[in-house]
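Each chain, letter by letter, is given below.
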Amino acid sequence: MPEETPRPNIVLWSLLLAALPAWLGLDAVSVAPNRIVPGSGHSAAEVAGLPGLVASLVPALAVLWLAWRPTRERLRLALGLVVAMLAALPAWLALAAAELVDPALPQARMGIGGGVWVGLFLLLLALIELRTRLTLSRPLGWALLLVPLASLALCLSLWLEPLALRREYAGRSQQFLAAIGEHLLLVGSAVGLSLVIGVGLALAMRRWPRARELGFAVLNFLQTIPSLALFGLLLAPLAWLSARVDWLAALGVSGIGWAPALLALVGYSLLPMVRNTYVALEEVDPGVVDAARGMGMSRGQVFRQVRLPLALPVILEGIRITSVQAIGLTAVAALIGAGGLGTFIFQGLGQAAMDLVLLGALPILVMALAADALLGALTDLLRPGGAT
Amino acid sequence: MIDLIHVTKRFGATTAVDDISLSVAQGELCVLVGTSGCGKSTTLRMINRLIEHSDGEIHIDGQQIRAFREETLRRRMGYAIQSTGLFPHWTVARNIGLVPRLLKWPQARIRERVEELMTLLGLPVSEFADKYPRQLSGGQAQRVGVARALAADPDILLMDEPFGALDPITRETLQEELRALQGRLHKTIVFVTHDMDEALRLADRLVVMDQGRIKQQGHPLELLREPADAFVESLLGGEDRGLKEAALLPVSERMLPLSPRLLARERVAHDASLREALSIMLWRHAERLTVVDDEDLPIGELSLRRLVGAKAHE
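First to last, the protein sequences are chains A and B.
The working numbering numbers the first residue of the first sequence as 1 and each following residue consecutively.
The working numbering numbers the first residue of the second sequence as 1 and each following residue consecutively.
Take these hints with a grain of salt, some might be off.
[Unchecked claim] Going by beta-carbon spacing under 8 Å, a handful of chain B positions derived as facing chain A:
1) Tyr79
2) Ile81
3) Pro88
4) Val99
5) Leu297
In short, the hints are calculated from the structure, not lab data.
Every value quoted in this text rests on a predicted model; they were computed, and no experiment measured them.
Glycine included, C-beta positions come from ideal geometry on N, C-alpha and C.
Hey, can you work out the whole structure from these sequences and the hints?
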C-alpha cells in the first residue's frame, strides 16, 4: 500500500459503540391501543427476532471494521453503509408497525422509542464525521441525506399509518400547515425587520461612535431578559396602546397575539444583527479602503463596491444566527397566542401527549437546520474571490 | 509637475508636517525618505488629498489641488501602497481596470488597456487576468498594484512604500523594473520609503525628512558627498557611504581606454556599478579589470586606483 496505514477513527468507533447498546438495550418502539393509555415498550430483538437483530447489526459491525483502518476507499464504503442504515430505519419501523400494531384497533398507534432516536442521532453524527473526513462539499453532503429522506417519505405514505406522530398529524393536517405558515411568517418578518433596523443602527453607530456604546449596552440588556418575561412585559403597554390608538387596534395589535411576539423577536434579533453588521463593515481591510479612496472612488462607491461586498459574508452570518434563534424563540411565542408550531408543543405538554410535542418540535428542528444550511451555503457562495 | 509651498499639517496639537517646500519636476522620480513618523507618508497623502493640508499651498501643473473635486484629482494620479490594497473580491483584470471604469471609458478600450498593462508588467494575460488577489504571490500582487496605478495613464504616480512588504530579491527586481518603466514612461513620481538603499537606487531627487521637516534634498550623489548634517549622514549609512556612492556610479565613468598592456583576465560589464567592480576585485584578488560592452567585447580597463578615484596619472 503506498499510503501509510491510518490510525483507527476514534470518532466513528465511539459513535457506533454508543449506538449498539442503545439499539440492543433500549425500547425501539412502544405500542398503545389508543391515545390515552401509555404504550408498552418493545426492544429491537422482539420486533425482528434473533435473525433480524443479527441482520441489523451486520452493517454497524462492518462500519466498525472499516473504521479500524480508515483509508479513503474504506471510509467511502462506510459512508455508503451509514446512508443505507439511515434509509433502512423507516423501513424497519414499517416492519415493526406491521408486526406489532393490531389492525383491528383503529386507534392503535406506535411511538418511536429511545433506541431508534439514539440510533438515528448517532448515525447522523457518523454521517457528519464521514463527510468531514472525506471533505465532501456541502451540497453533496445534503444530497446524501436525500436517500434516507426519500425512504422516510415512501414509508410514511405507504406503511406507517399507525405511527403515533402520523396519527397526531392526521387529526390536525389543516392546523399543522397553518401553524407552519404562521411560524414562517413571524420568523420572516422578525428577521426582515431586524435586518432593516439592524443595518440602520450599525450605520448610525459607524457615523456617531458615541452612539455605539449606548446602543450595544441597550441591545445587550435586551438579550439578557428571559423570553417569557419579555412577552409578559410587553403585554400591558401594548394592551394600553391598542385601547387608545384606534388604527393600532384595527391592525390587530393587542396585549397578546402577533404584536408582542413580533416586538420581542425583533428585540432579540437586533443584537446579533447589529453586532455582525457593525463588525463586518468595520473590519474591512483598511488598506483596501485606503486604495479605493486613493484611486478616486467616491464615498458611496467605496461603500457599495468595496465595503458592502466584503462585509456581506459576515452580515449573512448575522442573518443566519438571527434566523435560527428566531425559529426557536417563536415556539415560545405560542404561549401568548401568537400561533405557530409552538402551539402543538404546549398542547402536547398539557395533554402529556409526547407525540404531539414532537409534531411541533420536529418541524422547528428541520426549519432551523434548513435555514442554517441555506444561509451557510449562501455565505460560502459570496465569499470574496468567489469559490476557490 | 508638483509644487508644495510652505505646506504644514497639524493633527490637533501635534505638527506632523512642518512648513515644507518641495518641487518635483515633470518626469522626475522623487523619493521621500526618513524614519517612521517623520511625516513622509503624510506629505504624500496630502498631494492626493487623502489628508487635507492645514497651511500652505499644493499645486499640480500650476493649479491648486483644492480647485479640483477630490475624486477628479485622485483619478488623475496613480496610487500604489504597501499592502497593495487590491480588492480581494475582484479579479486581477477588474482590479487593474478600476480607474478607467471610474472615468467611464468604453469597455473595449478598458480591456485593451488592461491587457497592455499586464503585458508591460510581465503578467501573462491568459494566466493572470481571471485570478483573484489571494492567488497571487507578494511580488505578483504588487505588480498588479502598480499596473492599477498606471491604468488611466496618469502623469503623476504616488507610491507609499510599495515594495516594503516584499522579500529582498523580489523587492530588488521590482525596483529595477520600476526604473526601466520610468525610463520609458517618464511619469512624475513621488515615492515614499524608509529603506535608504531603495531610495538611493530609485531617486532622481532624494528628500530626507525628519520630524516633519525636510533636512536636505537633491540628487542622491549630492547628498552622499555633502550631507547637510550628522542626521542625514547617519541615515545615509555613515561609513558605508563610500560603497553606496560606488553603487550609484557606473564603471564607464571611471574606466580608461584599453592600454597596450595585456588584457586583464577578470571582466566587468560597462554598465555595472563601481561597487560591483570593487566586489569582483576583492573576490578575485585582481587589481585590474577589463571592461566589456554588451557584446562582451573589451572596450576599456579599470584599475583599483582609478576605481577609488585617485588621480589618473601619478
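- Message: Going through the numbered hints above, which ones does this structure break? Give me the numbers in ascending order.
- Response: 5
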